[in-house]
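*Asks:* Given next are the chains, with one letter for each unit.
2 protein chains.
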Amino acid sequence: MIAPSNALNFSGGPGALPESVLRQTQQAIISVPEVGLSVLGISHRSDWFAAVVAEVEANIRRLLGLGTDSHVLLLQGGATQQFSMVPMTLLRGKAQAADYLHTGYWSGKALPEARREGPVRVVWSGEAEGFRRLPGDDELHFSPDAPYLHYISNETVEGLQFHRIPGRDDVPRICDMSSDFLSRPCEADRFALIYAHAQKNIGPAGVTVVVVKDQLLQDNPADLPGFLDYRTHVAAHSNFNTPPVFAIYVVLLVTRWLQAEVGGLEAMAAINRAKAALLYGALDGSDGFYRGRTAVADRSLMNVAFNLPTPELDRQFLEEARLAGLSGLGGHRAIGGIRASIYNALTLQAVERLVGFMADFRQRR
Amino acid sequence: MIAPSNALNFSGGPGALPESVLRQTQQAIISVPEVGLSVLGISHRSDWFAAVVAEVEANIRRLLGLGTDSHVLLLQGGATQQFSMVPMTLLRGKAQAADYLHTGYWSGKALPEARREGPVRVVWSGEAEGFRRLPGDDELHFSPDAPYLHYISNETVEGLQFHRIPGRDDVPRICDMSSDFLSRPCEADRFALIYAHAQKNIGPAGVTVVVVKDQLLQDNPADLPGFLDYRTHVAAHSNFNTPPVFAIYVVLLVTRWLQAEVGGLEAMAAINRAKAALLYGALDGSDGFYRGRTAVADRSLMNVAFNLPTPELDRQFLEEARLAGLSGLGGHRAIGGIRASIYNALTLQAVERLVGFMADFRQRR
Numbered sequence: 001m002i003a004p005s006n007a008l009n010f011s012g013g014p015g016a017l018p019e020s021v022l023r024q025t026q027q028a029i030i031s032v033p034e035v036g037l038s039v040l041g042i043s044h045r046s047d048w049f050a051a052v053v054a055e056v057e058a059n060i061r062r063l064l065g066l067g068t069d070s071h072v073l074l075l076q077g078g079a080t081q082q083f084s085m086v087p088m089t090l091l092r093g094k095a096q097a098a099d100y101l102h103t104g105y106w107s108g109k110a111l112p113e114a115r116r117e118g119p120v121r122v123v124w125s126g127e128a129e130g131f132r133r134l135p136g137d138d139e140l141h142f143s144p145d146a147p148y149l150h151y152i153s154n155e156t157v158e159g160l161q162f163h164r165i166p167g168r169d170d171v172p173r174i175c176d177m178s179s180d181f182l183s184r185p186c187e188a189d190r191f192a193l194i195y196a197h198a199q200k201n202i203g204p205a206g207v208t209v210v211v212v213k214d215q216l217l218q219d220n221p222a223d224l225p226g227f228l229d230y231r232t233h234v235a236a237h238s239n240f241n242t243p244p245v246f247a248i249y250v251v252l253l254v255t256r257w258l259q260a261e262v263g264g265l266e267a268m269a270a271i272n273r274a275k276a277a278l279l280y281g282a283l284d285g286s287d288g289f290y291r292g293r294t295a296v297a298d299r300s301l302m303n304v305a306f307n308l309p310t311p312e313l314d315r316q317f318l319e320e321a322r323l324a325g326l327s328g329l330g331g332h333r334a335i336g337g338i339r340a341s342i343y344n345a346l347t348l349q350a351v352e353r354l355v356g357f358m359a360d361f362r363q364r365r
Numbered sequence: 366m367i368a369p370s371n372a373l374n375f376s377g378g379p380g381a382l383p384e385s386v387l388r389q390t391q392q393a394i395i396s397v398p399e400v401g402l403s404v405l406g407i408s409h410r411s412d413w414f415a416a417v418v419a420e421v422e423a424n425i426r427r428l429l430g431l432g433t434d435s436h437v438l439l440l441q442g443g444a445t446q447q448f449s450m451v452p453m454t455l456l457r458g459k460a461q462a463a464d465y466l467h468t469g470y471w472s473g474k475a476l477p478e479a480r481r482e483g484p485v486r487v488v489w490s491g492e493a494e495g496f497r498r499l500p501g502d503d504e505l506h507f508s509p510d511a512p513y514l515h516y517i518s519n520e521t522v523e524g525l526q527f528h529r530i531p532g533r534d535d536v537p538r539i540c541d542m543s544s545d546f547l548s549r550p551c552e553a554d555r556f557a558l559i560y561a562h563a564q565k566n567i568g569p570a571g572v573t574v575v576v577v578k579d580q581l582l583q584d585n586p587a588d589l590p591g592f593l594d595y596r597t598h599v600a601a602h603s604n605f606n607t608p609p610v611f612a613i614y615v616v617l618l619v620t621r622w623l624q625a626e627v628g629g630l631e632a633m634a635a636i637n638r639a640k641a642a643l644l645y646g647a648l649d650g651s652d653g654f655y656r657g658r659t660a661v662a663d664r665s666l667m668n669v670a671f672n673l674p675t676p677e678l679d680r681q682f683l684e685e686a687r688l689a690g691l692s693g694l695g696g697h698r699a700i701g702g703i704r705a706s707i708y709n710a711l712t713l714q715a716v717e718r719l720v721g722f723m724a725d726f727r728q729r730r
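One line per chain: the protein sequences are S and H, in this order. 1 is the number of the first residue of the first sequence in the numbering used here; add one for each residue after it. 366 is the number of the first residue of the second sequence in the numbering used here; add one for each residue after it.
Excised from the complex, chain S in its bound form (with noise of 0.2 Å):
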């Protein structure tokens, strides 16, 4: 047996990170260069972490070209705490309907804990299909007066992402990016709010980037505990309570390489792009041998869902990459089957890899 390789390491997530940023990571569990101490026992008001913290702003500010007007915060809690955060600071005690898209297992989770908040209207659900596909714009009718817009922009379990921004321009869009953020551009003016947990492209679990209009953060429920509100982290610079340093200094990492190796979002893309060409190119090549489990034009850049002609095939499949050193391709509990998940720090190489054992699989069966 091959040992597995973090760069093949095809994991939904908690998934791959960059090898320099694993080297980096690495050396400053004993020491961070510029401190001195491991990055595990520095103060989190320490004059070093209050530069951390602004540098990861500041890079993801310039990633994503944001204006003065919006905050970036660093929170805990994951997507699942922005389920509750989001329709507490804004579906509370409103009377008017937010409009939600259920177009997945996780768009599915969202929607009871914004119930709990306040109403909800579902504007579109692709749960009767099986979430194999998302909606056309004449399917979509959004309401003018909805308190906001929540989607996501890419189903992590399903492999569903939208190649366009859904909604209205004068309604709220929140979108939870949290499998696509930061894989390529995304006019992040056009969003009151986005939401990404890192650990898909951009660090390890533990850590979730938002990032919020100022102008949606004025009449908020003033009862709110101090950590579920997000002026309370906005006055305290992403230091209310100990912060997941660690986390975030990796985060640190992965935006400096994504702008110095990598070159920016564009390039981010273009990369992605051509994976996902490479690997959607075997699943369409293969006489059906491979098949992908959505419609083509929804099809993900970042997750891979797709079938063997069994179930048996399917297991056999994933016992063999495995053996050869390809790890984390099992489907999501939810759904089963294949998904190779091929975010920002999976090389081309590496999905050359997989494509040469899919081919190789299927000449042997």
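Hints are computed from structural coordinates only; laboratory data are not their basis. In this text, all values refer to a predicted model and were calculated from it rather than measured experimentally. Among the hints, erroneous ones may be present.
As the list claims (entries may be wrong) - Dumping the calculated SDA-like pairs for lysine to any residue here, alpha-carbon to alpha-carbon at most 25 Å:
no.	chain 1	residue 1	chain 2	residue 2
1	S	Lys94	H	Gly629
2	H	Lys474	S	Pro119
3	S	Lys109	S	Glu129
4	S	Lys94	H	Gly458
5	H	Lys474	S	Lys213
6	S	Lys213	S	Asp69
7	S	Lys213	S	Asp223
8	S	Lys213	S	Ala235
9	H	Lys578	H	Glu631
10	H	Lys474	S	Ala236
11	S	Lys109	S	Pro119
12	H	Lys578	H	Gly629
13	H	Lys474	S	Pro225
14	H	Lys474	S	Asp47
15	H	Lys578	H	Pro531
16	S	Lys109	H	Val599
17	H	Lys474	S	Asn220
18	S	Lys94	H	Gln580
19	S	Lys213	S	Arg231
20	H	Lys459	S	Arg92
21	H	Lys474	S	Gly226
22	H	Lys474	S	Arg231
23	S	Lys109	H	Arg596
24	H	Lys459	S	Gly93
25	H	Lys578	H	Pro590
As the list claims (entries may be wrong) - Some but not every residue of chain H turned toward chain S, in silico, with C-beta under 8 Å:
no.	residue
26	Ser376
27	Pro379
28	Ile394
29	Pro398
30	His409
31	Ser449
32	Glu478
33	Gln564
34	Thr607
35	Ala632
36	Met633
37	Gly693
What the hints assert, rightly or not - Simulated DEER-style distance windows between Cβ atoms:
no.	chain 1	residue 1	chain 2	residue 2	range
38	H	Leu713	S	Gly65	50 to 56 Å
39	S	Gln349	H	Ile530	46 to 52 Å
40	S	Gln215	H	Asp503	51 to 57 Å
Built from N, CA and C at the ideal position, the CB exists for glycine as well.
Fit chain H to the supplied structure of chain S, relying on the hints for placement.
*Replies:* Just chain H now, kept in the frame of chain S:
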């Protein structure tokens, strides 16, 4: 200038970790031995991570001698989130006030979060006296009808620690042990709920341990968001949404170290008592040059807060200590002065180095 050393890091937290834990953590950044992948890229739904959580729980159970009527949870959000989760769970909608002790900076932070949820009675406050001592038993009149008593076992900022367990055994006793958890045996069975963030004695910032009796979770509000409901986390074995995998892995390594290298909590407490005795001895034998902040009976074994005769001498002390490779000795921003935090990972040798520096500094003045 001597480079700072992880072994001489007296930071109030995030603080020092044992050298052997740092070495294993460094290895795991590239490859967890039994998996072959970076700890940052292993799925939280893997068998490996389920085993990590199970072993952390088992180790904490063994160290504390917990019975089967307690749950051990690993959550996000720090002690601050627990300041809210406790009263959300046990005080919301109640007519009877919960009893709170106000013994320092951090117990003061818990009060407004509790008052947001229900009635609070401050049984005793040391605020008027500048938090220089803890209450005697004759000053404490607890209510037999309180939903619970909340207190903090060790006030990190002021350096005050309870060396007994206050409260009535017939009222649920809830304790924030963030800064002395697993530093000594604690009669865990006498607490209905214990919480402790990791970044003092047991790991990096980003994960919080909660030990809660099952009977406390029988009649909780039904409308809490999932991530704020202890029962969600009990049912999901601390894997409701993506947990901070890395931080939990480091906690695993620390609990292994506590058992295998230190030899359990009695042995740890003996080491911690020896360290504190050495350092307080240096204060007491300095003819008033080093002035402890707190009453002798309530001195913390974890945080030793003191002042020199003038603020200028405080400043010089910190500067020269830094140049001597001793770091993290600045007092909390709320009160200034000097604070030597001597958590589990700080060795007796490190305290000897500090005491030697203190003698030398004093002699030169």
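*Asks:* Each hint should be assessed against the structure and marked as holding or not.
*Replies:* Hints, one by one, checked against the model:
no.	hint	in the structure
1	S:Lys94 with H:Gly629	54 Å, violated
2	H:Lys474 with S:Pro119	33 Å, violated
3	S:Lys109 with S:Glu129	17 Å, holds
4	S:Lys94 with H:Gly458	23 Å, holds
5	H:Lys474 with S:Lys213	29 Å, violated
6	S:Lys213 with S:Asp69	6 Å, holds
7	S:Lys213 with S:Asp223	21 Å, holds
8	S:Lys213 with S:Ala235	14 Å, holds
9	H:Lys578 with H:Glu631	23 Å, holds
10	H:Lys474 with S:Ala236	15 Å, holds
11	S:Lys109 with S:Pro119	16 Å, holds
12	H:Lys578 with H:Gly629	23 Å, holds
13	H:Lys474 with S:Pro225	12 Å, holds
14	H:Lys474 with S:Asp47	24 Å, holds
15	H:Lys578 with H:Pro531	18 Å, holds
16	S:Lys109 with H:Val599	19 Å, holds
17	H:Lys474 with S:Asn220	22 Å, holds
18	S:Lys94 with H:Gln580	36 Å, violated
19	S:Lys213 with S:Arg231	11 Å, holds
20	H:Lys459 with S:Arg92	22 Å, holds
21	H:Lys474 with S:Gly226	11 Å, holds
22	H:Lys474 with S:Arg231	18 Å, holds
23	S:Lys109 with H:Arg596	18 Å, holds
24	H:Lys459 with S:Gly93	23 Å, holds
25	H:Lys578 with H:Pro590	21 Å, holds
26	Ser376	5 Å, holds
27	Pro379	6 Å, holds
28	Ile394	4 Å, holds
29	Pro398	11 Å, violated
30	His409	7 Å, holds
31	Ser449	4 Å, holds
32	Glu478	6 Å, holds
33	Gln564	6 Å, holds
34	Thr607	5 Å, holds
35	Ala632	23 Å, violated
36	Met633	19 Å, violated
37	Gly693	7 Å, holds
38	H:Leu713 with S:Gly65: 50 to 56 Å	54 Å, holds
39	S:Gln349 with H:Ile530: 46 to 52 Å	60 Å, violated
40	S:Gln215 with H:Asp503: 51 to 57 Å	56 Å, holds
In this structure, the earlier hints numbered 1, 2, 5, 18, 29, 35, 36, 39 are contradicted, and the remaining ones agree with it.
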